[in-house]
Amino acid sequence: MIRIEGVSHRYGEREVLKDIDLSLVEDRVGVIGANGSGKSTLARLLNGLVVPSTGRVLVDGLDTARDGAGVRRKVAFVFSDPDAQIIMPTVAEDVAFSLRRLGLDKAEVAGRVSDVLVRFGLGGHADHPAHLLSSGQKQLLALASVLVTEPAVLVCDEPTTLLDLRNSRQVADLIAGLAQRVVLITHDLDLLHGWARVLVIDEGQVVADGPAEQSIAHYRSLMATGRPC
Amino acid sequence: MLTSTYQPGTSLLHRCGAGVKLLGLLVFSTLLVGFRSPVVVLVGFVLVVALYAVAGFGVRAVGGQAWPLRWFVLFLVPFQWWTGGWRMVVVVVGTLVVAVVGAAFVTLTTRVSDLLDVITRVLEPARKIGVDPDRAALLLALTIRAVPVIAATLHEARDARRARGLERSTRALVTPVVVRTIRHADRVGDALAARGIDD
Chain Z
1 MIRIEGVSHR YGEREVLKDI DLSLVEDRVG VIGANGSGKS TLARLLNGLV VPSTGRVLVD
61 GLDTARDGAG VRRKVAFVFS DPDAQIIMPT VAEDVAFSLR RLGLDKAEVA GRVSDVLVRF
121 GLGGHADHPA HLLSSGQKQL LALASVLVTE PAVLVCDEPT TLLDLRNSRQ VADLIAGLAQ
181 RVVLITHDLD LLHGWARVLV IDEGQVVADG PAEQSIAHYR SLMATGRPC
Chain D
1 MLTSTYQPGT SLLHRCGAGV KLLGLLVFST LLVGFRSPVV VLVGFVLVVA LYAVAGFGVR
61 AVGGQAWPLR WFVLFLVPFQ WWTGGWRMVV VVVGTLVVAV VGAAFVTLTT RVSDLLDVIT
121 RVLEPARKIG VDPDRAALLL ALTIRAVPVI AATLHEARDA RRARGLERST RALVTPVVVR
181 TIRHADRVGD ALAARGIDD
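Each protein sequence line maps, in turn, to chains Z and D.
Each residue of the first sequence is one higher than the one before, counting from 1 in this note's numbering.
Each residue of the second sequence is one higher than the one before, counting from 1 in this note's numbering.
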């Protein structure tokens, strides 16, 4: 379970999150909001990339401020730009790179890399230069590289923003089928249809919290009129 | 050397250990530089071409690795000729080209992860004086990764400059490249932190 307790966060003078209290227990949680609303900061709180100015964030009992490394082993994070996430020159090497510090032997690393690449449709690209993949394949590689460590939670910050419709669908289908708990920050409202819980963030506060259809209606009204429905 | 990408293969040289290849490269380059002889440069060149052939690469691959040095060579040849004659041209320019093509051979036949493992092992004793071998290997990996990213950024900035009719403006090229490279570095830092690489 992820607990966000009395969290506020500031960048300098600007307060981007204001007194947030949440318990995230659902397998699928969506987060939507306008640009600059604070949703990416909220996402970054979940694996300790950002430590709250006040309050605390607990992931399965671990405080992100005190045990960031432990939290990051549980919570994987995928960004919108896969080019910034790919470290190694070839596809298989990038996936294997995530396993470097786990102390696994070479055969186990090779097995896990091979399994995850096949699962993500990249089995035929293992030795290909990562920077020559299509945008969709790069995002799949970014997902494979974080999921190979078998985290409990996956946080995705606008993973389909830079993708065309086909690649966006492919990544969305893959995320939908994951065994992990997923927190998805997105502007693509279609991705969230049927999700049990969607949060709407506006000016650093949670202004709606409910099933996808209800929250999306609230968000559409907010964006159209400046007022909730 | 850093811009070459591993080419999968099953040759004896592909299967040879990364440490052996790096040591061989060190010895080879030291001999080239140490002897300063046209004969040694020629022998080195023949050896490198033979290695490419054994690994299953053609003559084009040798040329492809030397091609990025063309402007450097064009500058060096007349200068070396003027200061030391043909012998100096062969020794200095030949050594440079043969050493670079030889180094590229190592990266063409060796996965970067295997090279990083060797570097990590070699640097392990330096831990006592505060060097973190994993961090050094990560630095090298990031440097290698940055080459295609910065090349793509440069290409896009050049296109954007042309689209705005500013072909001759250095500022219109350099500013976006610097800004985007710094932003990329920021994002990579976030991604590394998110992956727990530096924990």
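Calculated from the structure, these hints are not laboratory results.
Remember, it's a predicted structure, so these values are computed and weren't measured experimentally.
Hints should not be assumed to be uniformly reliable.
A few chain Z residues that face chain D, going by a derived Cβ cut-off under 7 angstroms, partial list only [as the list claims (entries may be wrong)]:
| no. | residue |
| --- | --- |
| 1 | Y11 |
| 2 | E13 |
| 3 | V16 |
| 4 | R72 |
| 5 | Q85 |
| 6 | P89 |
| 7 | E93 |
| 8 | H131 |
The C-beta atom is built at its ideal place from N, Cα and C for all residues, glycine as well.
Taking the hints in turn, this is what the structure says about them:
no.: 1; hint: Y11; result: violated (14 angstroms)
no.: 2; hint: E13; result: violated (21 angstroms)
no.: 3; hint: V16; result: violated (16 angstroms)
no.: 4; hint: R72; result: holds (4 angstroms)
no.: 5; hint: Q85; result: holds (4 angstroms)
no.: 6; hint: P89; result: holds (5 angstroms)
no.: 7; hint: E93; result: holds (5 angstroms)
no.: 8; hint: H131; result: holds (4 angstroms)
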